[in-house]
Amino acid sequence: MSLDNLPNQPPRPKPWNDPRVRSVFFQIVAVLAVVWFGYTLFQNTITNMESRGIRTGFDFLDRTAGFGIIMSLIEYDESMTYGRTFLVGLANTLLVSGLGILFATVVGFIVGIARLSTNWLVAKVALAYIEIFRNVPLLLQIFFWYFAVLGALPAPRQAINLGDLVFMSNRGIMIPAPVFEPGSGLMGFALILALVFIFFLARWARRRQAATGQIFPVLPIALVLIPGLPLLAYWLMGSPVSWSIPELGGFRFRGGITAIPELGALLLALTLYTASFIAEIVRSGITSVSHGQTEAASALGLPGRRILRLVVIPQALRVIIPPLTSQYLNLTKNSSLAVAIGYPDLVNVFMGTTLNQTGRAVEIVAMTMAVYLFISLAISLLMNIYNRAVALKER
Amino acid sequence: MRKTLLTTTLAAAGLMAMGSQAQASTLEDVMDAGELRCGVSNGLPGFSQPDDDGNWTGIDVDTCRAFAAAILGDSQAVEFVPLTAAERFTALQSGEIDVLSRNTTWTTTRDSSLGINFTGTNFYDGQGFLVQSDLGVTSAFELDGAAVCTQAGTTTELNLADFFRANDMEYEAVVFDTSEASAQGFDNQRCDILTSDTSQLAALRTQLSDPEGAVVLPEIISKEPLGPAVRQGDDEWYNIIKWVLFGQINAEEYGISSENLDEMLESGDPNVQRIVGTDGNMGEILGLSDDFMVDVISQVGNYAEMFERNVGPDTPLGLERGDNALWTEGGILYAPPFR
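Going down the list, the sequences are from chains A and B.
Counting in this note's numbering, the first sequence runs from 662 upward without gaps.
Counting in this note's numbering, the second sequence runs from 3 upward without gaps.
In isolation and in its complexed conformation, chain A is listed as follows (with noise of 0.2 Å):
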């Protein structure tokens, strides 16, 4: 019998009472719609202000900026383009960003721990951190620590003095830079031949203890061998590495790397506040693994500091990830009251200076905002994909 004799066979629908047809069609005019109101914004932005006489394009990124900026990590002067003070504020923007997500993670993780603790004492040290923290708004802790406690600091010809080579003034943290000459690159081959071999060594030693159970003590010999191999090829070079020591001319130091305060205040601003959340978000972790657990591995026998790292961390890390994730990014927006203090990150020089110097607004906030996006979404990537390495695999 075939499918057409079938009784009661309702008829197809009209393609307009087709619900599947339906939904196609509307989907399709919802983005169409979408599309082009995007355009139309568009449009109107570049017809308006050709209208206004307001100059439009990014012609401006090849222009000489003829502004300093106090600090940067790539080569700038005042003769280089505005494009060059995009990327100058970005690598600030980066390294203020970078510097605090890993510092407060590792408080982060240390408070968490700590406000878990049983000695009354450090629990409600962590407690109080926590509270304190979490419940000043960051811009009040930037000036905090910028003008209170940085700012405090004698001027720089009466600098604290520490053993004539780290100097501490307002202006900044000076200490000593190494000056790498012809022969130093030894050094780092070391250095890098050094870390191969403790990662190959860690794993063979993991691989191992899962067979025989024999655990090799990797940790001294990394202690040994890290520092160890650099100095090595050191001493056999015949000290290629010297030192630039800061020292006071005229108005400021000389020489050795300055660490600026504005830099300072903001970093330690920045750990301190999202520490406190990292540490909640830890807490909330290891509180959501099953008490049960720790019993049992007690029960083997296994001392208190491996519980946590083997049983416990692991499985808290699934609870963890997620909402850190969202600290980090937080954190890395966050960085953009660097310009309440004047660390010279993307939005204080590209969106401040330049903006105002080339009046080009609509174009620099664009890409602004979009370099926030793509460092977010790069930063949520990461993530996820860690994210997947931890999460509890189900087969």
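Calculated directly from the structure, the hints in this document are not laboratory data.
Fair warning: this is a prediction, and the values are worked out from it, not measured in the lab.
Beta carbons are placed, not taken as given, at the ideal position from N, Cα and C, and that holds for glycine.
Be careful, since some hints might not be right.
Claimed, not checked - Derived contacts from chain B toward chain A, CB cut-off under 8 Å, selection only:
{"id": "1", "residue": "95"}
{"id": "2", "residue": "148"}
{"id": "3", "residue": "149"}
{"id": "4", "residue": "194"}
What the hints assert, rightly or not - Reference listing, derived: stretches of chain B covered by chain A, where coverage requires no fewer than 3 residues with Cβ under 8 Å from a Cβ of chain A:
{"id": "5", "stretch": "83–93"}
{"id": "6", "stretch": "158–170"}
{"id": "7", "stretch": "175–185"}
{"id": "8", "stretch": "230–237"}
With chain A fixed as given, assemble chain B onto it according to the hints.
Then chain B, alone, in the frame of chain A:
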């Protein structure tokens, strides 16, 4: 079904209706609103600053009040919009304000590429340096290696770089986004020098914790003609803003002030008659009432009154007229004739 289609069509039509916005006359807009929106500095003594009672005072503020008196007959009909240096041009371009009067330097780039027009100069200024006096510096050429506080998005920032480069000196630019913040940075000794227009330095010096501990160096490194600006493309409005200030300068030149205005209304001097509107139709051709300068002079005063009240020798700033004296008195203040 039909209803859904109808809604979609209507929505699309609604979107299409948002075509390009026609540019209305700024004069009509201001008349309709009964209020002039004026962009000023967010706090600079002598130029624009709210006093203890919340009234805005300063030479830039009075310039706005003169516009409001000329257009609306009431110098109080102004809404002051405080702006940072970085916000000012966008605020004017986007129509958030009708006129910008915020110690803004007239430059080629700004005049030609920002879609704005400068209408004149209400203060001739130049960039100078304020130095901590205990550094013992007496000349700007001794500043090699100094840390300099300045404000973001100003011509000051560019002149600073030019000056140090031209003289082969190094410097460290500490850039803040408001003039108070840069003054605070100087006060906290974050930098050795504060650079800005000399009038601003005089103003900011009064706000330091120890004004005697800082000296202004003699060198002036740039020309800074400060004046109001309007949006491009509305010539009627441009002319009004231009000629109110010229009117105030001409009033000073012909000796018309708020004190002798009643006598001047009886004057037989044709120059005076044209300014106070007893002869000619200067107001009408600008799109205002013929006696618009009477409102300006009676409520705000001529240029000299505006200067003396806000930045002159009897004020905390204590500035002499200098370049800002009339051309007949050794200065460079010169307004085209009112005829």
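Going down the list of hints, with the structure as the test:
1. This hint holds: residue 95(B) has a C-beta 6 Å from the nearest C-beta of chain A, less than the 8 Å allowed.
2. With 8 Å as the threshold, the beta carbon of residue 148(B) comes within range of chain A, its nearest partner Cβ sitting at about 5 Å, so the hint holds.
3. Among the interface hints, the one on residue 149(B) holds; its C-beta lies about 6 Å from the nearest C-beta in chain A, closer than the 8 Å criterion.
4. The closest approach between the C-beta of residue 194(B) and any C-beta of chain A is roughly 5 Å, which is under the 8 Å cut-off, so the hint is satisfied.
5. Evaluation of the coverage hint for the stretch 83–93 of chain B: fulfilled, as 4 residues show C-beta separations to chain A shorter than 8 Å, against a requirement of three.
6. Here the stretch 158–170 of chain B counts 7 residues with a CB under 8 Å from a CB of chain A, which clears the bar of 3, and the coverage holds.
7. Closer than 8 Å: that is the beta-carbon criterion, and the stretch 175–185 of chain B has 6 residues meeting it against chain A, so the requirement of 3 holds.
8. Counting residues of the stretch 230–237 of chain B whose beta carbon lies closer than 8 Å to any beta carbon of chain A gives 3, which reaches the threshold of three, so the coverage claim holds.
In summary, the structure agrees with every hint in the numbered list given earlier.
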